[in-house]
Amino acid sequence: MRTDRIAPAPCQLWYSPNGRCKVRAIASSVTTNPMAHSQRIQSGDVGSGHVDGIQATAVSKRFDTVDALSPVDLTIARGEVVTVLGPSGCGKTTLLRMIAGLEPTTTGTITIDGESPDSANRRKRFGLVPQSPALLPWRTVEANARLLQDINPGANHHPLSDVVDLLERVGLADFRDALPHKLSGGMQQRVSLVRAFAIDAPYLLMDEPFAALDEITRADMRHLLATLSEPTNTGVLFVTHSLAEAVYLSDRVVVLSSRPGYVVGTVEVDLPRPRVPAVEDDPAFFAIETRLRHLLHQGAGR
Amino acid sequence: MTRRGPRSGTLWSLVGALALGLTWEALVRLLNVREFVLLPPSRIVSSFLDAPGFYLGDVVVTAKHLVIGVAISLALSLAFGAALAWFRPLEQASQPLLVLIMVTPWVAYISSIVLVVGRGTPAIVFLVSFVTIPAFVYATVGGMRSADPAARELFASIDASPWEVLWRLRLPSALPSLFTAARFNVGLGLGAAYFAEGATFNAQGNGLGETGKRAAANNQGGILWTTIVCAALLGILAQIAVVVLERWLLHWHASQRRTR
Chain A
1 MRTDRIAPAP CQLWYSPNGR CKVRAIASSV TTNPMAHSQR IQSGDVGSGH
51 VDGIQATAVS KRFDTVDALS PVDLTIARGE VVTVLGPSGC GKTTLLRMIA
101 GLEPTTTGTI TIDGESPDSA NRRKRFGLVP QSPALLPWRT VEANARLLQD
151 INPGANHHPL SDVVDLLERV GLADFRDALP HKLSGGMQQR VSLVRAFAID
201 APYLLMDEPF AALDEITRAD MRHLLATLSE PTNTGVLFVT HSLAEAVYLS
251 DRVVVLSSRP GYVVGTVEVD LPRPRVPAVE DDPAFFAIET RLRHLLHQGA
301 GR
Chain B
1 MTRRGPRSGT LWSLVGALAL GLTWEALVRL LNVREFVLLP PSRIVSSFLD
51 APGFYLGDVV VTAKHLVIGV AISLALSLAF GAALAWFRPL EQASQPLLVL
101 IMVTPWVAYI SSIVLVVGRG TPAIVFLVSF VTIPAFVYAT VGGMRSADPA
151 ARELFASIDA SPWEVLWRLR LPSALPSLFT AARFNVGLGL GAAYFAEGAT
201 FNAQGNGLGE TGKRAAANNQ GGILWTTIVC AALLGILAQI AVVVLERWLL
251 HWHASQRRTR
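Here the protein sequences come in this chain order: A and B.
Quick note: the first sequence, position 64, residue 64 per my numbering, numbers continuous.
Quick note: the second sequence, position 103, residue 103 per my numbering, numbers continuous.
Just so you know, the hints here were simulated from the structure itself, not pulled from any lab data.
Glycine included, C-beta positions come from ideal geometry on N, C-alpha and C.
Treat the hints with caution; some may be incorrect.
Unchecked claim - Some residues of chain B that are not near chain A, with every Cβ distance over 10 Å (derived):
| # | residue |
| --- | --- |
| 1 | 10 |
| 2 | 157 |
| 3 | 160 |
| 4 | 161 |
| 5 | 183 |
| 6 | 213 |
Unchecked claim - Stretch-level coverage of chain A by chain B, calculated; a stretch enters the list once three of its residues show a Cβ under 8 Å from a Cβ in chain B:
| # | region |
| --- | --- |
| 7 | 90 to 103 |
| 8 | 254 to 261 |
As the list claims (entries may be wrong) - Partner residues are not named here, just some residues of chain A that face chain B (Cβ under 10 Å, in silico):
| # | residue |
| --- | --- |
| 9 | 121 |
| 10 | 126 |
| 11 | 183 |
| 12 | 185 |
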């Protein structure tokens, strides 16, 4: 495995959202190993042997005769945002679904703070944000936002988040009693975000949640998501096609190749936090986007 | 293009009903149709006004048979349909039974029903329930299976219990198809009730079907046609009740939204 330092790596003190002080590199680095089908992705917080965080080890998936995902290793620490980026059909959604316990693995193991995905489901360790908002059309906005709190209530983490407050923060206070069909696509996706945040799960799993939105709304949504997630100590696995979303939201971006997906490389994103929209005009932002684009092309064999 | 309001729709329905009544009256009189074959609306109204209590009593009895029969059918179908929606092999195994219920004529087995469950109300309610079950079961299975897959995964991601999935997701998802089946079953159930009331050796005064059958046997066209029209009006009232319930319970559904 080869690690290429793209730029000098001075360090700075950085205060994580939970108040812990950490040292992190300012510059970005790229780790590449296109030939290896099983690859360790380094995490700043999770070392080998630890059980904290999401740990996927040599996880692969085969559907009948189709190899969807080559063995992949992935770790996500609490408070860390990791994006999986790759072309359509590369297995990134499959990887998320396996971590969420919605799809069995063909090989490999997955643990969430030392638990199996099924056990994590029972204890409401995930807030899932699917690609479509999946709002129940017969429930009002507020009732939809409260849905995950209402289901399996014995596993709720206390105290529960105030759904009304969350709706207010995403600008939907005036739509609490509205039915989903009255909302635009972006507003529906905001309800979906609130629904996931409302259970205070330690991990958020987001499967291309903004894919169906127009570019301006997508930008608004990624800014909103950063605003919501940064003050928490939530670990986020974000799956997307969008380079801008990947760079804006992430601490690390993992790039998968075309099917069967393997890790082409991982890029550390050390843009300052809290992320603000102005960072998207920063040359460093474009530089990381360019690096990710090159890795995507590399993974596609171009 | 102007937008039509609900009042406008009702008005046009009334105009249609009036036109139908006038055409019916005119055709029967002009063609000199025999009384037993078809009575003009004016004679039916006159027959009804001769003994309104008698007919209304029968309407109440038939309505009771219809409501109880359909309610039992719906309850059984929801339980049965939920099981079928969960276990596809069970659905396939139950197909022969459901198809058999749908295609076998009631006339063929009504005597057996009377022998098994007894004559009168039990046999009538049984037949109404029996013939309306397939449509409700198919609606339940199809509706429950149509629940948003993304929502199903959302429920699974926090280990929702089967009961929570059924109550909070699958059952509401099945409501639109259940109401479609209900509209169909109201007519089917009413036909079954009218037929069974006349065919299960019911006591006198127990339903429109029983009165209609006696009238037919005694060549009393006025009474026969009055029971037929009363049954039709009962069916319309039942349909209206279903529509009102549908608008209330499905206010969120696309079918209930008014679009241009």
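These are the hints, each one checked on the structure:
Here residue 10(B) stays apart from chain A, with its beta-carbon at least about 26 Å from theirs, past the 10 Å limit. A Cβ of chain A approaches the Cβ of residue 157(B) within 10 Å, the least distance being about 4 Å, so the stated non-interface status is violated. A beta-carbon of chain A is positioned within 10 Å of the beta-carbon of residue 160(B); the least distance is around 5 Å. Listed as outside the interface, residue 161(B) is inconsistent with that label: its C-beta sits roughly 7 Å from the nearest C-beta of chain A, within the 10 Å cut-off.
Look at residue 183(B): its CB is around 20 Å from the nearest CB on chain A, clear of 10 Å, so calling it non-interface holds up. Consistency note on residue 213(B): stated as away from chain A, and its beta-carbon is indeed over 10 Å from all of that chain's, at 44 Å minimum. Under the rule that three or more residues need a Cβ within less than 8 Å of chain B, the assignment of the region 90 to 103 of chain A holds, with 4 such residues. Using a Cβ-Cβ cut-off of 8 Å, 0 residues of the region 254 to 261 of chain A lie near chain B, which falls short of the minimum of three, so the contact claim is violated.
The closest approach between the C-beta of residue 121(A) and any C-beta of chain B is roughly 4 Å, which is under the 10 Å cut-off, so the hint is satisfied. Given the 10 Å rule on beta carbons, the hint for residue 126(A) holds: about 5 Å separates it from the nearest Cβ of chain B. For residue 183(A), the interface hint is violated, the least distance from its beta-carbon to any beta-carbon of chain B being 13 Å, above 10 Å. Hint status for residue 185(A): violated, given a least beta-carbon distance of 14 Å to chain B, over 10 Å.
Checked against the numbered hints given earlier, this structure breaks hints 2, 3, 4, 8, 11 and 12; the rest are met.
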